[in-house]
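> If you're matching them up, the sequences are chains C and H in order. Under the UniProt record's numbering, residues 1 to 670 are what the first sequence spells out, in order. Under the UniProt record's numbering, residues 1 to 249 are what the second sequence spells out, in order.
By construction, these hints were calculated from the structure, which means they are not laboratory data. Some clues are possibly wrong.
[Unchecked claim] Some but not every residue of chain H turned toward chain C, in silico, with C-beta under 10 Å:
1) PRO85
2) GLY101
3) GLU137
4) SER154
[What the hints assert, rightly or not] With a Cα cut of at most 25 Å, we get these calculated DSS-like pairs of lysine-lysine:
5) LYS92/H x LYS405/C
6) LYS57/C x LYS43/C
7) LYS362/C x LYS373/C
8) LYS165/C x LYS405/C
9) LYS92/H x LYS32/C
10) LYS130/H x LYS230/H
Beta carbons are placed, not taken as given, at the ideal position from N, Cα and C, and that holds for glycine.
This is what each chain is made of:
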Amino acid sequence: MLNEKESSNRLWRWFGVSSVLFLVVMAISPLKDYFREYRDYQKAYADLLLDRAGSRKEVEEAKALAVEIRQIWIPDWNNRVDRCITCHQGVDRQGMEDVAQPFRSHPDTPHSGDDFQAFGCVICHRGQGRATTVADAHGDSEDWDSPLLPAAYVESSCGICHLGKVVPEASMITEGRRLLESSGCFGCHDFPGQRDWIGTAPRLDGLAEKTTPRWVRAWLRRPADWSAEAAMPDFRLADDEIDALVAFLWSRPPLNGPGVTGIGESSQGDYDRGRKIFRESRCISCHTVDGKGNGSAPELEKIGSKVSRGWLMAYLSDPHAFQPETAMPQFQFTGNDVLDLSAYMMEEFIEFGAEAQDDAYKPDPRAAEEGQKLFVNRGCSGCHAVQGVEQGMRIGPALTGIGGKPAGMLDFGKRDDLPRTLPDWLRAKIAEPDSFRPDLKMPRFEFDDKDFEAVVTALLAVSDEEIPPALLIRAEPPGEPPAGRFGRLVSRYRCLACHQVNGAGGDISTAPLTAEGSKVRREWLEQYLMLPTTIRPLLTDRMIHLRIPQEEASFMADYMENVYVDDAIPELLFPDGVPPESVERGRKLFYERYGCQSCHMIDNQGGYYGPILNGLGARLKPGWTFWWLQGPQRWRADVRCPDQGIPTEDATDLAGFIEAVSNPGMEDAP
Amino acid sequence: MSMLQRLTESRVWRALVRQGVSATNRNRILLVMDNVFLHLHSAKTRSRNLELSSTYFLGAISLVLFGILTLSGLLLMLYYHPSVPQAYHDMKELQFVVSNGLFLRNIHRWSAHAMVFIVFLHLLRVFYHKAYLPPREFNWVVGVILLLLTLGLSYTGYLLPWDQLAFWAVAVGTNMAEATPLIGPKLRYLLLGGNAVGENALLRFYVLHCALLPLALAMGVAVHLWRVRKDGGVQGSSGRYGSRRQVKP
Numbered sequence: 001m002l003n004e005k006e007s008s009n010r011l012w013r014w015f016g017v018s019s020v021l022f023l024v025v026m027a028i029s030p031l032k033d034y035f036r037e038y039r040d041y042q043k044a045y046a047d048l049l050l051d052r053a054g055s056r057k058e059v060e061e062a063k064a065l066a067v068e069i070r071q072i073w074i075p076d077w078n079n080r081v082d083r084c085i086t087c088h089q090g091v092d093r094q095g096m097e098d099v100a101q102p103f104r105s106h107p108d109t110p111h112s113g114d115d116f117q118a119f120g121c122v123i124c125h126r127g128q129g130r131a132t133t134v135a136d137a138h139g140d141s142e143d144w145d146s147p148l149l150p151a152a153y154v155e156s157s158c159g160i161c162h163l164g165k166v167v168p169e170a171s172m173i174t175e176g177r178r179l180l181e182s183s184g185c186f187g188c189h190d191f192p193g194q195r196d197w198i199g200t201a202p203r204l205d206g207l208a209e210k211t212t213p214r215w216v217r218a219w220l221r222r223p224a225d226w227s228a229e230a231a232m233p234d235f236r237l238a239d240d241e242i243d244a245l246v247a248f249l250w251s252r253p254p255l256n257g258p259g260v261t262g263i264g265e266s267s268q269g270d271y272d273r274g275r276k277i278f279r280e281s282r283c284i285s286c287h288t289v290d291g292k293g294n295g296s297a298p299e300l301e302k303i304g305s306k307v308s309r310g311w312l313m314a315y316l317s318d319p320h321a322f323q324p325e326t327a328m329p330q331f332q333f334t335g336n337d338v339l340d341l342s343a344y345m346m347e348e349f350i351e352f353g354a355e356a357q358d359d360a361y362k363p364d365p366r367a368a369e370e371g372q373k374l375f376v377n378r379g380c381s382g383c384h385a386v387q388g389v390e391q392g393m394r395i396g397p398a399l400t401g402i403g404g405k406p407a408g409m410l411d412f413g414k415r416d417d418l419p420r421t422l423p424d425w426l427r428a429k430i431a432e433p434d435s436f437r438p439d440l441k442m443p444r445f446e447f448d449d450k451d452f453e454a455v456v457t458a459l460l461a462v463s464d465e466e467i468p469p470a471l472l473i474r475a476e477p478p479g480e481p482p483a484g485r486f487g488r489l490v491s492r493y494r495c496l497a498c499h500q501v502n503g504a505g506g507d508i509s510t511a512p513l514t515a516e517g518s519k520v521r522r523e524w525l526e527q528y529l530m531l532p533t534t535i536r537p538l539l540t541d542r543m544i545h546l547r548i549p550q551e552e553a554s555f556m557a558d559y560m561e562n563v564y565v566d567d568a569i570p571e572l573l574f575p576d577g578v579p580p581e582s583v584e585r586g587r588k589l590f591y592e593r594y595g596c597q598s599c600h601m602i603d604n605q606g607g608y609y610g611p612i613l614n615g616l617g618a619r620l621k622p623g624w625t626f627w628w629l630q631g632p633q634r635w636r637a638d639v640r641c642p643d644q645g646i647p648t649e650d651a652t653d654l655a656g657f658i659e660a661v662s663n664p665g666m667e668d669a670p
Numbered sequence: 001m002s003m004l005q006r007l008t009e010s011r012v013w014r015a016l017v018r019q020g021v022s023a024t025n026r027n028r029i030l031l032v033m034d035n036v037f038l039h040l041h042s043a044k045t046r047s048r049n050l051e052l053s054s055t056y057f058l059g060a061i062s063l064v065l066f067g068i069l070t071l072s073g074l075l076l077m078l079y080y081h082p083s084v085p086q087a088y089h090d091m092k093e094l095q096f097v098v099s100n101g102l103f104l105r106n107i108h109r110w111s112a113h114a115m116v117f118i119v120f121l122h123l124l125r126v127f128y129h130k131a132y133l134p135p136r137e138f139n140w141v142v143g144v145i146l147l148l149l150t151l152g153l154s155y156t157g158y159l160l161p162w163d164q165l166a167f168w169a170v171a172v173g174t175n176m177a178e179a180t181p182l183i184g185p186k187l188r189y190l191l192l193g194g195n196a197v198g199e200n201a202l203l204r205f206y207v208l209h210c211a212l213l214p215l216a217l218a219m220g221v222a223v224h225l226w227r228v229r230k231d232g233g234v235q236g237s238s239g240r241y242g243s244r245r246q247v248k249p
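Put together the whole structure using the sequences plus the hints.
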């Protein structure tokens, strides 16, 4: 039985060896468990706190820090758990701004403290919140779709909750959203909330009356070559495609709308008077000429080489008949004004060295048919309306959820050089769409680095992340537009291109029009509407001269005086006139305490940064001055007048002083 | 009286350890007969039967793996919620927070893979040994049922992490079930508790994986082992492969 014993012994030996091996294996897991990565970070953090401790209490606090997983848990929001603070322990601690990551304090943002507890970290920074190792938490592993967002694009996360066009204190995404709209992205791409978008691109009917095939060809070859501010991107059209499109556009029937019937060439007109009107009307408040102008309207430098004289005259007489959506107001020009103005513009604003006009152009019907197909296929109809083609076809892929797309689902085409990340892909796709595949229809945009960053930021915000309704900040629906006769006038003169009423309108003026009645005196307003005077000489975007007739100006002034009143602003600050002691005290405050003279001029003394105060009393009501002084940034954050925290009684005396020096002899009475 | 002596003679000790360690036949038989876990086991085995080459221990290894799976599975159940999307979150919790959680998950997963593999080998070994012939044809059928249960456990467990792999594997698998003649669509509906792989499917697979299939497997194993005792295992107590002796199961 020796054999049996031997085999039994062998079996026992095997059993022993494998048991020991098994024990060793079993020990690996608990050891790995104990020596987790975050443990070292937490110890380093405790050491750091000890180093920096300035008091006994802080030393004890540092010593008492336990090594443990820390997390922000949001049970009501899909059970979100963010454990970033396990290592990033200094985020909510002040005074750690100078230490290296992962312990640095969170930079100052509009959200902090309690908000961190409410949102967690991952909703803004992406990555993997539940992870407790660096690589996994930062989402660097293959199986995590949402890697850490590069800091350059972090504002995109603001846009996940802030759905409005303007995101407060986040200029990058605000600019990006503006660019998305102004570049016509929604014309081709279905975009959340923009299904029914119609841009401000001009209708293309009657193009033959407006311009020449030569100009359209040059424009289509590359719009930016014609005008650096062109909103239209470069569609990379071949010459035969351009010919086909021109043939199509020239085969459209002529316009027969109101105000267009008078189109015809004219060689008359007074150049000098036209120049005077151009300047008086302050066309350069919006249109760029010689680098001046705020760029909100097309530049006019070469307009004489683009449009026909007849079209220009018809347009100046009634722009809204051509473009109902345009921001251009209806100036009350007379027939002679238009004649002179157009004479000046046609002669002054021409492209030097342009070829002669090619008048005798006849579109080839077959090319026109080809052009119509192109017009649809290349997405022209996404932005431009023209007879015979349905507007609003979205030829590009929908962008819903684009900001959360995993990199693995993106088509990188021929781009082997790109890092496999969503921001890099988006940027390259906009910058060089044809580098992915030569037949992509996406046009090329004239963006600079900053623009690319802004647009990518705005796109990254298009997420399908589930956000609790309570956290969503929707775009505020614009309030009621002005109604009735006043509303019609506001629309005709496009007041809302610059001024705000009930949250709608431009952002050029310092306060909404709805406070205008509390702000200025009626008589002044009526005069100003008829003939605007310069209030801030430093500004380019000054009030334009619309030539409003007296009857309309009077009506509008009455309306604003009575309706556009802000109840918070005192109507009568000094019912019995300004008391002399108030003027005296105000003078001291003005010159000695608040140093207002460094920006404002009184009797030719002082700075010229702000409005001159002589004569100001004829414009502003003292109640407004009083209210303004206590918070110039009430309506706009970028108002230059500093908020000096002026208390009520100082503001009263200052308003009294300003009233006395700027409006001598005028009673503060209704 | 030493402490040890007092301990070994105490009533509690004697209730737990009824037989001593003396290697007499009688003691061995008593040891096995008195033990609820061992009474399926033979009291006495020929040393030849223990040779590696007869079974390669494949059945025993399968049993041990089933034990490991049951134990680790029970522990995993403490952390797992069969709900969407918490199921996937729980995988992350196991990986990043639960002590030895990743080890627990990995041992469960690898043991499961190993069990399928070993059970297959076990089947092959029995097949090439002609051990499915009478008198062991009943146990062969029981074995095939155990194989199917093992595969069922493996498949239902696959969905539970609720990741992409799981989701699509089950989507494909249940679409294959749908191709069954006549009852296909009903079968798929029954499996998924609906028409799509969703929360209901997750719950059904969870119940199958953690309750129905393991219980069925445990009972099947008991019958299997019982028949091994009665009819003989792979090399058989009859000593002859392929004996024609008829034994009622």
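> Failing hints, ascending?
Of the numbered hints, 3, 4 do not hold.
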